[in-house]
Amino acid sequence: MSGFDILFFVFAGFALVSAMGVVVSPNPVYSALSLVLTLFSVAGLFLLLQAEFLAVVQVLTYAGAILVLFVFIIMLLNLSDFELMEVRMGNLGKALLTLAAVVAFITLAFVVHLTRITGDPAVEGFGDISTLGREIFTHYVIPFEIAGVLLTVSLIGAVMLAKKNLTKE
Amino acid sequence: MVELPHFLIVSVALFVLGFVGVILRRNLIVVLMSIELMLNGVNLSFVAFSRYLGDIQGQVAGFFVIVLAAAEAAVGLAIIILIFRRRGSVQTTRLTDLKDEIHAA
Amino acid sequence: MTATLLKIFVPFGVIMQIVPVLIWLERKGAAYIQDRRGPNRASIAGVRLGGLIHSLADVVKLIFKEDIWPTQANRLIYALAPFIAMSVACVTFAVIPWAAPLNLSSGTMSLQALDFNTGILFIFAIASIGVYGIMMAGWGSNNKFSLLGGLRASAQMVSYELTLSLSVVGVLMLAGSVELGSIVADQGSEVWTWNLVRQPLGFILFVVAAFAETNRTPFDLAEAEAELVAGYHTEYSSLKFALFFMAEYVNMIIASALMATLFLGGWQVPFAGTEFLRDHASNIFYYGLLAFGLFSILVGGFLALRRTKVPWKDARRFEGKILGIPALVVGIGLIFWQFTQGPVVLGTLGSQATAAILQFSVFLGKILFFCWVFIWVRWTLPRFRYDQLMALGWKVMLPLALINLVVTAVAVLIL
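Protein chains in written order, with my numbering: chain B, 37 to 205; chain R, 38 to 142; chain F, 3 to 417.
Hints in this document: simulated from the structure, not taken from any laboratory. Heads up, some of the hints might be wrong.
[Unchecked claim] A few chain R positions that, by computed beta-carbon distances, are all more than 10 angstroms from chain B:
no.: 1; residue: 66
no.: 2; residue: 109
no.: 3; residue: 136
no.: 4; residue: 137
[To be verified] Derived SDA-like pairs: lysine to any residue, alpha-carbon spacing no greater than 25 angstroms straight-line:
no.: 5; chain 1: B; residue 1: 199; chain 2: F; residue 2: 396
no.: 6; chain 1: B; residue 1: 200; chain 2: R; residue 2: 42
no.: 7; chain 1: F; residue 1: 397; chain 2: B; residue 2: 189
no.: 8; chain 1: F; residue 1: 9; chain 2: B; residue 2: 43
no.: 9; chain 1: F; residue 1: 30; chain 2: F; residue 2: 241
no.: 10; chain 1: B; residue 1: 199; chain 2: F; residue 2: 161
no.: 11; chain 1: F; residue 1: 146; chain 2: B; residue 2: 105
[What the hints assert, rightly or not] Here are some, though not all, of the chain F residues that point toward chain B, as calculated from beta-carbon distances under 7 angstroms:
no.: 12; residue: 119
no.: 13; residue: 120
no.: 14; residue: 124
no.: 15; residue: 130
no.: 16; residue: 137
no.: 17; residue: 141
no.: 18; residue: 144
Ideal Cβ placement from N, Cα and C applies to all residues, glycine included.
So that you can see chain B by itself, here it is in the shape it has in the complex (with noise of 0.2 angstroms):
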């Protein structure tokens, strides 16, 4: 096993582990916590697949920024014992769910093992900023554009909706 391997599964490992954190920790506090362990873990296997850039953005932007809204939002919301002790579902369910989930995901994995996927791999310093930059600002401008467009939109469409009426009252 070489060292890449073994980082792999640890990142994996904890990758998992913390994403069945967040679905069944019964407080959402844990869960958003979770989730930033899950996005860490994923961004250490875009390290591994030689996205530093990406795994950058990653810890950045989603640890960084949306997840920190997620817990600004529990933590604004202040939810009473109550709202943290949600309804839940019976058990059946439950299994139900567990066993659609079951299925899914080995016919998915299956899916995958059929595959055959041929290319060259990447060669080493191919996710560095450069080349993606250079990607994104010639062959992707417009959809890069757009994406703008998206976040100031959906800026001003939070503010909107999240503004209290003050006229009103």
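Once you have looked at the hints, place chains R and F on chain B.
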């Protein structure tokens, strides 16, 4: 020894876990977080393909997915705040106004 | 392997030694700004070092204090928070370059622990995680003041991170790289090519945003003692509080190191390039030691001959003698040795090491200067109100950063 399929299986597992979260959980915030989990699973497969096919486009797609996730989280959380203000609750079970009363019983 | 370990532990050790000095500087600075003497009592065998021993006494106090656990606190999150705050603060040093790369026979060796090609982004990414320490502390303590502190910190840090990142983009465009090593090398040793001159608006925005990111006054709303008791660390005591306290100073040092690296030429010695330093290393070594010897003779003489106002039978009476006489001896010895020996001819490695040590010292000097600015501002300006803080961040600093970005982009394109 670790090759593309390993990464893809992790990505599938993340996606399925996120999916289970969306269906199973009743708290809107956790549902939104599970969606983020699904997006991350997809992102991982994009990047893995990008690495093993030697094509940078996968990473570009991953980049745009992160941008979308940011936009989605901002609007989604704003809506959750609105719901909380109106209903005093973020449970999906309380948001059943459009449910057909006759059949719901 | 050894080189890597050295590169990790030497800067880390130096930073950890600066923390108590900064705490001392903060107290003394505050005292003199408020027209009083500041800490000057704690002593070891009469030696007070101008109050520096107080930092040591503080450490002892914090270790032996009772470790209080609030009964209603969420124990896991409550315990984890200070460790996250501290470890996140320490990791960032890895990518900051400390001196010019060395030319060894086995190739060039950059003097930073981690030569990561996304450099500055790595720092931003790790720094953005730091807010979790504060938020977890605020939520985990189960205290309304702590919770409010955590809320304020999270909103503030996310808002100012935008300005912080945008204000640096101008620098990145000028250097054409995100690696801190290339950014420093790009600035050159002449003072007027430093980014402080080329990017004045960017520098101001960066400094203000860095103040907000490190939760220092005038932006320390997360711990505003007049409104929130002590904000997020109200419930903390003993070593867990000490970790938060140290994390604040470590964050300050990182922010200062970043300001120095990005805008003040990092390890560049003013008007003396790396080549110049290496060529004249022998002379620098000789005259440097001579100057040091002269300096310790002056200081030692002053301390040894100074008359004290301390009463008889007090150990503090001999403080000047205890410190002064060894300094005098060392100074005289050094000068004598230098005069009999003459200039030493240093080898390639020796001259490179001398240049590196000089650059490292200059860098440390720049860091300490910015640390002093942090302290100076803290004891000069009043705290912002929360809505003012948000208005400043979103309505003033973000547009200014965008303007700076556009102007720099046009300038880079034309020139």
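Hint check results:
| no. | hint | verdict |
| --- | --- | --- |
| 1 | 66 | 5 angstroms, violated |
| 2 | 109 | 8 angstroms, violated |
| 3 | 136 | 15 angstroms, holds |
| 4 | 137 | 20 angstroms, holds |
| 5 | 199(B) with 396(F) | 16 angstroms, holds |
| 6 | 200(B) with 42(R) | 49 angstroms, violated |
| 7 | 397(F) with 189(B) | 17 angstroms, holds |
| 8 | 9(F) with 43(B) | 23 angstroms, holds |
| 9 | 30(F) with 241(F) | 23 angstroms, holds |
| 10 | 199(B) with 161(F) | 17 angstroms, holds |
| 11 | 146(F) with 105(B) | 19 angstroms, holds |
| 12 | 119 | 5 angstroms, holds |
| 13 | 120 | 5 angstroms, holds |
| 14 | 124 | 6 angstroms, holds |
| 15 | 130 | 3 angstroms, holds |
| 16 | 137 | 6 angstroms, holds |
| 17 | 141 | 6 angstroms, holds |
| 18 | 144 | 11 angstroms, violated |
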